[in-house]
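Respectively, the protein sequence lines represent chains R and X.
Residue numbers 1 to 355, in full-length UniProt numbering, belong to the letters of the first sequence in order.
Residue numbers 1 to 355, in full-length UniProt numbering, belong to the letters of the second sequence in order.
It is worth saying that the hints were derived from the structure and are not from the lab.
For each residue, glycine too, the CB sits at the ideal point set by N, CA and C.
Be aware that a few hints might be false.
Straight-line Cα separation of at most 30 Å, DSBU-like style, residue types lysine-lysine; simulated pairs [to be verified]:
no.	chain 1	residue 1	chain 2	residue 2
1	R	K238	R	K316
2	X	K316	X	K333
3	X	K238	X	K172
4	R	K257	X	K190
5	R	K257	R	K172
6	X	K238	X	K333
7	X	K326	X	K257
8	R	K51	R	K172
9	R	K326	R	K257
10	R	K257	X	K330
11	X	K238	X	K345
12	X	K257	R	K345
13	X	K316	R	K333
14	X	K190	X	K257
15	R	K238	R	K333
16	R	K257	X	K172
17	R	K165	R	K91
18	X	K316	X	K345
19	R	K257	R	K51
20	X	K238	R	K257
21	X	K333	X	K345
22	X	K311	X	K326
23	X	K257	R	K330
24	X	K345	R	K326
25	R	K257	X	K345
26	R	K238	R	K172
27	R	K172	R	K91
Coverage of chain R stretches by chain X, computed from C-beta distances (three or more under 8 Å per stretch; other residues unrestricted) [to be verified]:
no.	region
28	6-20
29	193-201
Protein chains: 2
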Amino acid sequence: MSFADTLTITAPADFHVHLRQGALSELVTGHVRLGGFTLAYVMPNLTPPIKNTEEALLYKAQLQAIDPVVEYLMTLYLSPELTPNEIRKAKRAGIVGVKSYPRGVTTNSDGGIESYEAYYPIFRAMEEEDMVLNLHGEIPSAPSDPTSNICVLNAEPSFLPHLIKLHAAFPKLRIVLEHATTRAAVECVKNLGDTVACTITAHHLALTVDDWAGQSWHFCKPVAKFPDDRQALREVVKEGHHRFFLGSDSAPHPPTKKATATPSQPCAAGVYTSPILLPLVAHLLESFGSLDKLEGFVSGNGRAFYQRPAKAAAQKTVLRRVGGKKVDAKWAKGDEEVVPFWAEKEIGWEIVPEA
Amino acid sequence: MSFADTLTITAPADFHVHLRQGALSELVTGHVRLGGFTLAYVMPNLTPPIKNTEEALLYKAQLQAIDPVVEYLMTLYLSPELTPNEIRKAKRAGIVGVKSYPRGVTTNSDGGIESYEAYYPIFRAMEEEDMVLNLHGEIPSAPSDPTSNICVLNAEPSFLPHLIKLHAAFPKLRIVLEHATTRAAVECVKNLGDTVACTITAHHLALTVDDWAGQSWHFCKPVAKFPDDRQALREVVKEGHHRFFLGSDSAPHPPTKKATATPSQPCAAGVYTSPILLPLVAHLLESFGSLDKLEGFVSGNGRAFYQRPAKAAAQKTVLRRVGGKKVDAKWAKGDEEVVPFWAEKEIGWEIVPEA
Chain R
1 MSFADTLTIT APADFHVHLR QGALSELVTG HVRLGGFTLA YVMPNLTPPI KNTEEALLYK
61 AQLQAIDPVV EYLMTLYLSP ELTPNEIRKA KRAGIVGVKS YPRGVTTNSD GGIESYEAYY
121 PIFRAMEEED MVLNLHGEIP SAPSDPTSNI CVLNAEPSFL PHLIKLHAAF PKLRIVLEHA
181 TTRAAVECVK NLGDTVACTI TAHHLALTVD DWAGQSWHFC KPVAKFPDDR QALREVVKEG
241 HHRFFLGSDS APHPPTKKAT ATPSQPCAAG VYTSPILLPL VAHLLESFGS LDKLEGFVSG
301 NGRAFYQRPA KAAAQKTVLR RVGGKKVDAK WAKGDEEVVP FWAEKEIGWE IVPEA
Chain X
1 MSFADTLTIT APADFHVHLR QGALSELVTG HVRLGGFTLA YVMPNLTPPI KNTEEALLYK
61 AQLQAIDPVV EYLMTLYLSP ELTPNEIRKA KRAGIVGVKS YPRGVTTNSD GGIESYEAYY
121 PIFRAMEEED MVLNLHGEIP SAPSDPTSNI CVLNAEPSFL PHLIKLHAAF PKLRIVLEHA
181 TTRAAVECVK NLGDTVACTI TAHHLALTVD DWAGQSWHFC KPVAKFPDDR QALREVVKEG
241 HHRFFLGSDS APHPPTKKAT ATPSQPCAAG VYTSPILLPL VAHLLESFGS LDKLEGFVSG
301 NGRAFYQRPA KAAAQKTVLR RVGGKKVDAK WAKGDEEVVP FWAEKEIGWE IVPEA
C-alpha cells in the first residue's frame, strides 16, 4: 500500500471537530468534506455551550443546512444543568456523547467541571444508555503552587488518575480521552479496558514544544509536548492499536486572534486542519512509515468504538500522490477568513475529485 | 527593611543586557539608567557579532556616546576566529568576558559554538588572564531525535554536564551560567566551586511556561519553565546566595516582531525589562519575601564576582513605594518603539529622581 499512487479510504470520520457558530460556521463546516471526511463528531463548546437536547438538535440542523452530506454526531457540554433524565432524552434524540472540559483550560471552557464525583449520577445514566463520555484530559494549571507544579506541560499526565478512577467506577461506560499528547496518556489508555479509547490529532503527530514556542499558529490546548511524547503518538498509530483513532480537534479562529498578541491578550488556542485533513494525515503517517494504518486510524478504529460502521454504500475518498502542491494560504467567505495548519507548505497527497 | 517606604541601593549593576545597534540602540541604551542601573554588562550578539577587541571598543564608544554615565563592561562572541593572543589583547583593552552561544539557540546565534573542546586554548588563555566566560547554557533542540528528546524544555538541564566538565577542566576560570531557568541549573551551580556563578533575569522570577504559551510578549530563550523551577530561582534569591545575581537579559525587539507571527515566521525571542528594571526586581523580590536581599542580588553579589566593587562615590539609586502606578505602554524615539515587560501593569516601587 505504501508504494501505491492512490489510496482509497472508506468513509473517513473525524471524531473531534469544532464547527463554530454563525458566519464562521458557514465558512468552516464545508471544510469537513473538503478535507475528505463524511462524519464529524461535533464539539459543544459554543458561546453559550450546548447543554441540552434541544440546543444540540438546533445546532445539528444549522450544520445540516450548511452541508447536508456530512453526518454530524452531536454532543452535550457536561455542566451542573445536566440531569439523568436529560441524558435519556438526549439518547433518544440520537445524541452520542457528553464532553467534559476542566474549568478554564481551553477555548470556551469557563463553565467546565472542577471535580467528577458530583457527576456520577450523570455517568451512571450515560453508562445505562451507552452514551460516550469525551474527556478533555487536563488539570487546570496552578502556577502559584510550586508543590503541585501543575502547568500546561504536565496537565495531561496529572489528569490520568481521574481517567483511571472514572473507568474503575464505570467500567461499561465508553470513555474517550481526547487529543492525547503524551507517552503517559498513550500508555495509560493502552492499559485500560476496551471501553476506553483515545483520539489523536493530526497536528500533534507533527509538532513538538519547539514548534509553538513563539509561534502562535501552532499554539493549542493541550500544547504539543516533548519529542518522545510525539514519538509515542506515532508509535501507537504505527502499531495500529484499535482503540486509537483520529479526532482532529480542528479549531478555527479569526487570523487576528491567532497571529497577534498584545501584552494583555494572548493568542487563541487552536490549530485548524479541517480543509486539508485527510491529505495531511496521509502525509504524516507516510513520514513515519504508517501509511498502511491510514484507513484504520481515520475510519475503522473510531467507527468500531463508536459503533458507527461504514454503510455498504459509504463514500470512498480517493487520495493520489502529488508533488509540489502547496496548502492554500487561507480560505475566506464574506468577512470570515481562516488560515490552515501547514499553510503554503507542501503535502504529498491530494483528494481526487469525485467524477 | 521590608517595611520601609524607601530603599537605597548602591550602584545597581545589570550583568547581562542587550543594547543593540543603530536607531534601536539610541532608544534603549538610555533605558539602563532609566531603570536605575549604572553598570551594563553588554552582550556581543550583534549583526555581525562582536568578535575582536577593535569591534568591542568601537561598540563601547557608540554606547558611551549615547549615555556616558553608565559603565559598560564589554564582551566578545566566542567563535573560531578568536585566538589566545586576541584574548590577551582584549584583556589589556579592558574587555571583561567572552560569551558562548550554542548554535542557533537564540537571537543572532547562528555563528555559535557546537562543541567546547576546540576552544580549550581560548579558555586556557582566559583563565590565565582572569577573564570571564559567559555561557548561554542550552543544547540545541533535536525534535527529530526522540531518543535524545532535547527540546526547549530540557535544553538547559541537558547543558549542565558541559558546565561541570568545563569547570573541572578550568577550575580557576570564572564562569557565569547565564539566565538560569531550572531547579537543576540552580542546584548544579550551587554545587560547583566559587569560580562559577549564575545570573537570573527579572522575568524568569515572574513567569512560568503557561505565561508564554500563546503569549509571544513573554517568549524568550531560555523559555520560562515549570512552577517548581521558578520556585527554585526565588529560593536561591531569598537565600541570598552570593554567586547568584541579576543579569536582566533585557532584549528589545520591534513590536511587530514580538506581537505578530505568520505561519512561516515565529515571533522574536526576548523580554524587555531595562526601563523598569530596578522597580520591577524590587516588586518581584517583595512578592516572595526577599526585599532584604535586593541590594545583594542587583549589586553586591555580581560586583563581587566580577571584581567590580562599588566606588566610594558610587551612585545610590533610591526607590520609594508607590500605589497605582502603571508601567508605560511603550517607549519611542523616531521610528523606533519598544514595549516593556509588565506594560500597563502596576509596580509597587518607583525610582526617586535625583535632586
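Determine which of the earlier numbered hints do not hold for this structure and return their numbers in increasing order. Failing hints, ascending: 4, 5, 6, 13, 14, 15, 16, 20, 22, 24, 28, 29.
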